[in-house]
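Line by line, the protein sequences are chains A and B. Under the working numbering, the first residue of the first sequence is numbered 3, with each subsequent residue one higher. Under the working numbering, the first residue of the second sequence is numbered 10, with each subsequent residue one higher.
Careful: at least some of the hints might be erroneous.
[What the hints assert, rightly or not] Each pair of labels, with its calculated beta carbon distance range:
no.: 1; chain 1: A; residue 1: Ser-87; chain 2: B; residue 2: Phe-350; range: 43 to 51 Å
no.: 2; chain 1: B; residue 1: Gly-178; chain 2: A; residue 2: Leu-210; range: 40 to 48 Å
no.: 3; chain 1: B; residue 1: Lys-51; chain 2: A; residue 2: Ser-111; range: 20 to 28 Å
no.: 4; chain 1: A; residue 1: Ser-165; chain 2: B; residue 2: Arg-317; range: 26 to 34 Å
None of these hints come from the bench; they were simulated from the model. All residues carry an ideal CB built from backbone N, CA and C; glycine is no exception.
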Amino acid sequence: MNKVIFSLFLLCQSQILIAQQKINVNFSAIANAKKINFDGSIFKNDFNESYSVSKLKFYISNINLISLAATQLPKKNVFLIDAVSDKTVQISLPKGKIIGITFMLGVDSALHCSGAQTGALDPLNGMFWTWNNGYINFKLEGKFIDSTLQNKKLEHHIGGYKSPFTTLQSVTILFSKNYTFKNNVNIVLNLDAYWNGESKLYINKNPLIGSAGANAFEASLNFGKMFFVSP
Amino acid sequence: MKIKVTIYLIGFIVGIFCLIGWSNNFYKPTPIIFKIPKGFPKPAKNIFAKNPLTEEGFALGKKLFYDAKLSKDGQVSCESCHQSFAAFSTYDHDFSHGVFNSFTTRNAPSLANLAWMDNMHWDGGINHLEVQPLSPLTAANEMGESLDTVLQKIKADTAYLRLFKAAFGNANITTQKMLQAIAQFTGSLVSANSNYDKMKRGEYIFREPEKKGYELFKTYCNSCHTEPLFTNNKFLNNGITLNIYNDVGLQKISLKAADSLKFKVPTLRNVALTFPYMHDGRFGDVEKVIDHYRNLDTTLINLDTNLRRKIIMTEREKKQLALFLYTLTDTSFTKNKRFAF
Numbered sequence: 003m004n005k006v007i008f009s010l011f012l013l014c015q016s017q018i019l020i021a022q023q024k025i026n027v028n029f030s031a032i033a034n035a036k037k038i039n040f041d042g043s044i045f046k047n048d049f050n051e052s053y054s055v056s057k058l059k060f061y062i063s064n065i066n067l068i069s070l071a072a073t074q075l076p077k078k079n080v081f082l083i084d085a086v087s088d089k090t091v092q093i094s095l096p097k098g099k100i101i102g103i104t105f106m107l108g109v110d111s112a113l114h115c116s117g118a119q120t121g122a123l124d125p126l127n128g129m130f131w132t133w134n135n136g137y138i139n140f141k142l143e144g145k146f147i148d149s150t151l152q153n154k155k156l157e158h159h160i161g162g163y164k165s166p167f168t169t170l171q172s173v174t175i176l177f178s179k180n181y182t183f184k185n186n187v188n189i190v191l192n193l194d195a196y197w198n199g200e201s202k203l204y205i206n207k208n209p210l211i212g213s214a215g216a217n218a219f220e221a222s223l224n225f226g227k228m229f230f231v232s233p
Numbered sequence: 010m011k012i013k014v015t016i017y018l019i020g021f022i023v024g025i026f027c028l029i030g031w032s033n034n035f036y037k038p039t040p041i042i043f044k045i046p047k048g049f050p051k052p053a054k055n056i057f058a059k060n061p062l063t064e065e066g067f068a069l070g071k072k073l074f075y076d077a078k079l080s081k082d083g084q085v086s087c088e089s090c091h092q093s094f095a096a097f098s099t100y101d102h103d104f105s106h107g108v109f110n111s112f113t114t115r116n117a118p119s120l121a122n123l124a125w126m127d128n129m130h131w132d133g134g135i136n137h138l139e140v141q142p143l144s145p146l147t148a149a150n151e152m153g154e155s156l157d158t159v160l161q162k163i164k165a166d167t168a169y170l171r172l173f174k175a176a177f178g179n180a181n182i183t184t185q186k187m188l189q190a191i192a193q194f195t196g197s198l199v200s201a202n203s204n205y206d207k208m209k210r211g212e213y214i215f216r217e218p219e220k221k222g223y224e225l226f227k228t229y230c231n232s233c234h235t236e237p238l239f240t241n242n243k244f245l246n247n248g249i250t251l252n253i254y255n256d257v258g259l260q261k262i263s264l265k266a267a268d269s270l271k272f273k274v275p276t277l278r279n280v281a282l283t284f285p286y287m288h289d290g291r292f293g294d295v296e297k298v299i300d301h302y303r304n305l306d307t308t309l310i311n312l313d314t315n316l317r318r319k320i321i322m323t324e325r326e327k328k329q330l331a332l333f334l335y336t337l338t339d340t341s342f343t344k345n346k347r348f349a350f
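Chain A with its partners taken away, still in its complex shape (with noise of 0.2 Å):
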């Protein structure tokens, strides 16, 4: 009798892991079908101005995946994506026909308000605003080259969490049909999806944004469609 509890314990056990599996996803950055080397390089948006990028830093969080099985547990987990070192984060999900992938850009807004944080919610990460708290989701820095400013700054610091400008942006991509799924998903986030989407984010009208507020919350409409799944 105990032998027989003890085998299907054994089998319980086996079943969890076979039901689990370990999924790399990375990503990486490109504008104008180039990946982004932070070499000051030029490119343009859709409006036809002219920038480089030095920085491009976000936070992905709740990254999972869309399986047929019907129930798939909501993951909780945050990432510090620094696009300068192609970044690959593993996580360990349920199997399943896996249909395509979804995340949140930015940080869950109960992170925001819940104390000192570590790893890579530490503020050390420059990602977090002091004087009005809460996370920098997505941080853009570099030139905007046709500014009649001296010092030709692009700066697009997107964060908020409070209503009516929350930055926090769901995505979701679902695999093509020819897409065939290994364990490794490659995630490209398209900087021209970013100026030119449902906001027109013309960097002459607004070259820095530095805060929570209507701007930022405008330009977060473009979150959801800036990235795709590369092969």
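Chain A is fixed; fit chain B onto it per the hints.
Coordinates of chain B only, in the frame set by chain A:
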């Protein structure tokens, strides 16, 4: 046979000694039980829930609080603007000082009973006690240092290595641990032993003018400066005018026009020591503040509804109200050696 037993015995004794030696190195901080004073409400959230209060954590937080080395010019500590003898406010200064003889644009508030507060700063920009120090540490006109350098300075000091190890079990110095230690100190600053508190506990009898002042307080002030914390922790417009810095208060944080000139209702505990008053220290004494409310234009837009009613108060009553407010001074708090440097 006998030899074998002896060897076992010796082995056993050596083992015990090793165990004692090992356990002495084991991390065992002394817990502190955070006491809620009699008559005080339970804090809305337990700020020590994820940051267990210990003697070692408190001691580390205290050292950090009083350490000017953390600032860019080595001259400014938390205590520079939050002085213990002034109930942890800046004594007799309208604007608090920062590094390299700079000035801030605000009057540093008193630090008392922070465990009962949710949003901090005059404009509510701080959403948790633990993250508050990031603002003064890094602001150019306060301590002016980068967070990275602050941590480097701490890591280079062996005294801190010992204190972090005692407080958290290892010398792994992180932003989080530093901030949690400071919060253990600041969150422990409880003031609840003024003559007012003693009167409530039956240990002190109000003099006649204090008693009359208390009645006036309950009529005109208590709806915002609510007992026993003497603040309702809200952000309200009390009719003060815009200052030269165009400081709009809560509006800057919430971005709502209706929040223009709303500031945190400060606690009135130890009010006799926290002068000058308001977010910019514009009123030099308590009577000038009372005059502000007596002479207030009650038709101002955005003015808090509690102030719509005209305050009719004689000069004599004004003095009585002030005398009541002076009963909120808690010298066992301002002179507490556990809190002072």
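* To do: Return holds or violated for the Cβ distance of Lys-51/B and Ser-111/A against the range 20 to 28 Å.
  => Hint holds: Cβ distance 25 Å, inside 20 to 28 Å.
* Is 43 to 51 Å right for how far apart the beta carbons of Ser-87/A and Phe-350/B are? -> holds (45 Å)
* Asked: Do the Cβ positions of Ser-165/A and Arg-317/B conform to the proposed distance bound of 26 to 34 Å?
  -> Distance hint for Ser-165/A, Arg-317/B holds at roughly 28 Å.
* Given a hinted range of 40 to 48 Å, is it respected by the beta-carbon distance of Gly-178/B and Leu-210/A? -> holds (44 Å)
Violated hints: none; the structure is consistent with every hint.
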